[in-house]
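Got two chains here, each in a separate frame; can you build the complex from them with the hints?
In order, the protein sequence lines correspond to chains A and B. Each step along the first sequence adds one to the number in this note's numbering, with nothing skipped, and position 357 is 357. Just add 482 to wherever you are in the second sequence, counting from 1, and you've got this note's numbering.
FYI, nobody ran anything at the bench for these hints, they're computed from the structure. In this text, all values refer to a predicted model and were calculated from it rather than measured experimentally. Every residue, glycine too, gets a C-beta built ideally from N, C-alpha and C. Treat the hints with caution; some may be incorrect.
[Stated by the list, open to error] Example chain A residues on the side facing chain B (calculated, C-beta under 7 Å, incomplete): (1) Pro34; (2) Tyr35; (3) Trp38; (4) Gln39; (5) Ala42; (6) Ala45; (7) Val46; (8) Thr49; (9) Leu50; (10) Phe52; (11) Ala53; (12) Gly54; (13) Leu55; (14) Ile242; (15) Leu245.
One letter stands for each residue in the lines below.
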Amino acid sequence: MTTNLAAATVETDKEVELIVPREFKQPWFKRLLPYIAWQVVALLAVEATLAFAGLGEEELFQLDPEIGTVHMTNKSITWRKEGYARSYLHSNGLRESGITEAKPAGVYRIVLLGDSQVEGIQVALEDTAGQLLEKRLTKILGRPVQVLNFGVSGYSTVQEFLLMKREVFKYSPDMVLMGYDSRDMFENWSAPDAAISNLRPYALKLPKQPVLVDSGPVKAFMKSPRGKFLNSIAWLRANSRIWGLISAYETEASSHNEAYKAIIGFFISPVKVTKQFREDAAKKDYWPNVGAQIFKATIGSIQMPNWQYTKPVAAVKVAVKQDLSKEAEEAQKQTDLAGKQAAFDKRKAALEEQAKVEASNKTFIGVITNTMEALLQEFKKETANHNCKFVVYALPSRATLAPIAGMDQPMLGVNHGSEVVIVKRQCQENEIPFIDAQRAATTYSDEKLNSLFYTAHLTPSGQKYVADQLDVPLAEIIRQSK
Amino acid sequence: MIFSSVQYLIFLPVVVFLYWRLNGLPRLILTVVASYVFYMSWLPIYGVLLALMTVVNWALSIGIENCRTPEQSAEKSSAALQPGQTAADSTAEPSKPKSKPKLVAKYDHPKLAKAMLLVGLLLNVGALCYYKYINFVIENISAAVHAVAPLIPQYKAQLSGLQLPLVEALLPLGISFFVFEFVHYLSDVYKGDKAVRSFFEFAAFAVFFPSQIAGPIKRYQDFIPKLRNPLPLTNPLMIEGTSLFMQGLFKKAALADPIAAIIAKPYATLDPLSCPDAWIAAFGFVIQVYCDFSGYTDMGRGSALLLGIRLPINFDLPLLSTDISVFWRKWHMSLGSWLRDYVYIPLGGSRAGIWNQHRNLFITMVVCGIWHGATWHYILFGATQGIGLIVHREWCRVLEGAPKLKQACASQIGTVLAILFNTVFVVLTYSIFRSPDIPHGLNLWAGAFSFQGAATLIEPLCKSGVLVIGAAYFIFWQTTEYLRHHQSAIDKFIKAPAQKENQAPGQVVFLNPLRLATYTAAAILIVASKPLEAVPFVYFQF
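Next up, chain B with everything else stripped away, as it sits in the complex (with noise of 0.2 Å):
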């Protein structure tokens, strides 16, 4: 079941309706029982693989708590799990990834703590490359095996003819964000945060639908209060989930989907390609990408909203950005945060000179390269981004010491030329990222700059509409945020006859005429362009 399907649009109302007709306990098991159902309806093998992981790491945080001296475990080392805060406390914002603090428990037993922590990080980190990684790296050594071959005569016929199997098995949907939500978890009890005693509410935090996939990755400090107190089910919640999820819906399928058909063709050739070709085949990926992954964030985060909990944002306008810095803090913002927190800091991040951190920030970005998948140009993905930041931190430096170029980088000349040269940036290693490897990503790029060549996929792109879509989106999307947040100005003009007369000035109201009418537009044109054929989302194979 996917977010964009007919069945989750049945799925979600259903859930939706128990979870507000419960309370306690039964609304609880109902959202862990729901997201199992969503997860399994996939695969059900691997609900039992999610099951177990949770019941492991949930022990093991249980059992890292307990090696605390009692005056640790009784301290409310985090401010996420006090018992009488409220979810209101923290949903107010969205939530912001905070700096993890310095380890602040002592332990009775010290090393049994860490032996448990290191199994833990063990099982998670060593699942994910099992399912992720296993098949790469048995196929690099065969190729290693077979190059070093010839240089030893004796056994040159045993180690050419070595044929190493390969692993049958399909990636887990989802694994590398539970993974991570799971090294998040044990790392921070192991620090000292409190560990969530209830396990169903550990189960919910684990599997979670709206966020289960494709995240955004939770944090759990900033998860469970909001799941034990839930916003309440006011008109601007619903309004703004509702909201949310159509604009998601609009993006992935009458976006996102039509242009990876436009584009495909190119990222599937070694044939050169023409230049202006090669730059719409770029773009349209990044768009792509964008509208697919923001896309799926946006219907999980709406959907999240109807169930009271407000997830942390995971996109910010990214391709806005004037450096490659920026655009990392607003792309997949909460993969960013974790890769700060749990590899750019442990790696020492930027404490021990300038050259150390430009080692670390090369090494966090390649490790996001390898993240998204166990290829060689994924790792050359993350290496572009590693250095396209340490140029950046260098360029800062260079600023530094020239006023005067700083100045004229910041004019709107300079933030106009900035965000062009980052997005042409962005764009060309994306197309990397998008060639099924390094020699269709070099094709690419080769086409990119023959400056020669006819656009052939103009006409595709014209026809499919997806321009005037485009545009669609954007009037849909300024509307229903203005909807939502100019609603007395609206009512001035356009009443909702349910509206009561003696209700309070600004109070809203989710059947508003004009509001349903947008639904109405974004539906028929979600229909009108989505291809016949679903299309799965770009991150659910990461």
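Chain A extracted, bound-state conformation (with noise of 0.2 Å):
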């Protein structure tokens, strides 16, 4: 800048040029242009390298205006959040290879309609219980059994019911067999939330009236600022793999931080946005919020020497120890007291869970499972009219067998259990097969039931288990229904 100076006073035409230096006079994009250049290369380098290894890819979902979501076609998909699964979704959204909507002369096919727990993404192909029946079935009917999976995660029973009309009956399925996961009945009739996979139709029956399906709720969505955002980066949802690793997080902001939610809005309706900035900017409180929050989620969050526990650690081993063989000696108790005692309370919980539920008929758990036995009752019709079989099974759940802290808590005091006993008495009543695959688990030890579940999502071992249920009765109905 001396120099410069020095210089100016020589030059005088060129003293702004020369005061000022070069960079300074470049307009502020080109001065942002290599970084941002950079980056993108850096970006593309890793994207590069991501597909190479195999890294990155959770996003599996695009939207859909009618039922909400739907898979991605021709995707890969690398799950790592429970168990770690390598994964192809094709072209007509399927995992499976080489399905062709005409169904191979001879082939029984079955359809399977679910959500995460039917899905299995966390699990390989071959060790989902779709493949295992698949197998077992051909090998005891003696025939080629073909099976769909057309499960999708966080499908409600209205959402399995449009995408059964809109491309199921595409494939000439002879059986479609429905997995009731813990829920399924609530959310037939739930509010969107940040989570794509939260976005659905809603069902609802009233009395004398026929069920209504509505896809009011997707299409709201679809016009909200985060709706159209990710309308707008469908391609880097589909093909990113950084997106993929970041989707996660960006759902979670989407949830809870406000900041997140403003930025978006700011980029859907920039005016809008804007005026609504000025307004609250304007207010006394909003700049210490804004500071608070950002203090929280800096400096506040760095856990700070914790005096509490500061007592002599060998005695805080000690009483841990003590609480474990308490706990040792109460599970040693109930493991005595198995058997018939254990039957009998189950038997009598259920039964109780069973008037507990017939008695609030008249309330909104009546709504809901009067919406869940007409939605079945439309099932039946529709498989019908395309000739085809219609099966219920109740899928296991980590929740009711063997929870773990931050599991899905009881709907209105009804848990997945007393779902199950309500679905398997609509089936009976509306004569459609059922199938009860959480049962035989309620007699499983511990160790047993965790290695059935990752954190909330079946294991091989759980695929394996649900199989196991399966395979004898369904070939059973496939006999019958011949």
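Here is the structure:
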């Protein structure tokens, strides 16, 4: 700068140019250009590396204006959240390869419908219950059986119904096998949130009226800032592995982070958001709140020494040990009381639950269960129209069998066990074959139960357990239906 | 709080910012307070232990120095603590361990000084032994008593039923490292080096967070001048610090942790292992522990550089060593030099004949093994290293008498073969180190030399993407190092817009577009590769 100033005194006509260093004379976007260019190069290099390494692909939904979400097509997935599995979703959204709409001659075709427990993206395709069933039924029945897994994470019964009507019948199935999972009946009537797996149409059955299926919430979401944002980055979502990595964080931020929501809103409707921001910023407590949030998210998140735990470590360990020994004692007592007592308790509890549910038939749960029943009837009617059998089975639920912290809590006092009782009764009343694939696991030890599940979803052992429960009853149903 | 946690990524910039806003005593206090926050976020009570040990060691060192004859205390016996010395003098090159000076101090009260030294050593080593070895000793006494019981009929019942209670205490994080530093400090002060008179300086030496949990083991003569006169926070320093930190984080989160998950199973079973699986597990662990420990050191050294302090290097591509002696000079270098100065040389070193030298080497490496943990497989590991070093010494003697063989060994093929042979030795002995006990380790050896079975670990290894990510790390490492050392060459092509027109040639700019791009790439790859749950550093348990 000194040199430039000295020069400026000599060459007056170039004064301005010399006093202002050249780089500051450049417009900001030109100065930014090399940074952006190199960041793009870096991102492309990372995309290539991740593709080569097979990492970072956990995005598998595309938005659908009718159903909410459907599987992406021609997309490879590496699932690492629970378990580890690599999958490829073909052009029809299925993991199974070589599936044609036209059913091969002599093949008995079963379509599986359900949510993530049926989808089984956490395990390799060959370990899913569907593929195991295909092999076993082929062997048991002595004829080729093909199982097509149409399970999609987060699906409710109404989504399964819509998917069946739109896609499944193209494949001329002989049987539609619907897996009932925890909360499915409540999800037929749930408000959408930031996670697109929770974006659903709703179904409603009111007395003396036909069941109403409405994709209104999905269409409304599509018009929301977040819906528009997700649609605008559809290509990125389908093709970028880096996006696959940040997708989960993005969903989390969309739920809880006000700043992130504001940024997304700004990109979608800048004028509206700017106007709103001006109004908010004028309020007295706006900036202190922003400051407090920033502090909480940064320095405030650093874990400071917690003096609550400063008593001698040995004492802490002894206390923990004592607690553990008490727990072990208690567990032993529980084991001793197993057998008849446990069976009696479970039966009693089931009856109580059933009674509880029946007593509240006139309330919200009544509407939910009536809707569920109406949907089951619709399933039966549609499948009958397409000459195929409709079968329902209850999936095992970790929340009921081996709950861990943070699991789904019972909805309005109704747990998965009660839901199964209700669905079973509805199936019986409507003459729909029903298989309870949860019941056998209720007698399992904790260790065995834990081997069936990751955090929430089925492990390969869990998938095998489901296939074990279904193979013989299904073979029987198929034989009888001939 | 660990270096690879999000909390640390917030903690470090805050500390760095405040550090450079302060000067003198406030800066020193900040260093100490930040280090205690870092340490006590794990278990606060051990912060008190560390503080007590710091006070006792400092007081003893002052006491020892006060026992010297007046002329001796006034002498500047240690080059490191001369007041006029600046950090630049001692930091131009990474500090290399130096041989310890002979005892030069003269004492008015030699017995008192010696007593204080012994008290200090007993307290430090006693604390380490209590937390690390007490249960090992109790368990082995119990086993010995039970074994002896049948031989003493009159006390058989009592001895057989003897159940010695085990001590319930968690190992304080990093206790070995700060005990080693205290032992070094007291020993050197006793030998004649100047004590650190400022309590806060000594406290900062004892708890300095970048090296607190797993080293490198500092020498106070090297550290205190750097603490007094830190390097100015220039662009090259920031670049070096952040590059080192990113390299370390990459190695730890994207390589060491995924490898740890892949090789866990073979080390946890006594079922027969196939030959390929055993070798994959053995090689995998050496790579894992190298990436883990050198990654930690790099992150620590990088953090310290952002505070203007250059910590000693701890690893110098040890897996390319041609023999086990070179390996131990390049692997965990600060521990190697500590063992040399405070175990090997006090035992007599190489002064009293070849057999005594062999004995000292063996004892030193067994001590090294025991230091890792109070179990027999660590002792076996140390013993194998000691035997390896002795065999290497003998081999060197053979070579001295066979010039042609020596020439052949020095050739390119000889060097490659030597690296290969040494690596296999390291890999096999470290498999004992990794195993939970000796039977598991021997099971892995049995698998390795069974020469049969299928490679079941190949699939998870390939699926994890760790091979590709390893290659990506190599590119990142080379790029960051090239960018650091060849800034002017890079500037010809990619000039940072923030760079001034009249800037001196070769002057570096931190916010270079290419550098930021490499950081972005590294950060994404780290997030993509790291396991969902954080894996503790291997050396935290030591």
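Status of each hint after checking the structure:
1. Pro34: Hint on Pro34/A: holds, closest Cβ of chain B at ~4 Å, below 7 Å.
2. Tyr35: holds, 5 Å
3. Trp38: holds, 4 Å
4. Gln39: holds, 6 Å
5. Ala42: With a minimum Cβ separation of about 4 Å from chain B (threshold 7 Å), the hint on Ala42/A holds.
6. Ala45: Holds, about 6 Å.
7. Val46: OK, holds: Val46/A within 7 Å of chain B, min 5 Å.
8. Thr49: holds, 5 Å
9. Leu50: Holds, because the Cβ-Cβ distance from Leu50/A to chain B comes to roughly 6 Å (cut-off 7 Å).
10. Phe52: With Cβ-Cβ at 5 Å, under 7 Å, it holds.
11. Ala53: Where the cut-off is 7 Å and the nearest Cβ of chain B is about 3 Å from Ala53/A, the hint holds.
12. Gly54: Interface hint status for Gly54/A: holds (5 Å vs cutoff 7 Å).
13. Leu55: holds, 5 Å
14. Ile242: This hint holds: Ile242/A lies near chain B, its Cβ roughly 6 Å from the closest one there, short of 7 Å.
15. Leu245: holds, 5 Å
In the structure shown, no violation is registered for any of the earlier numbered hints.
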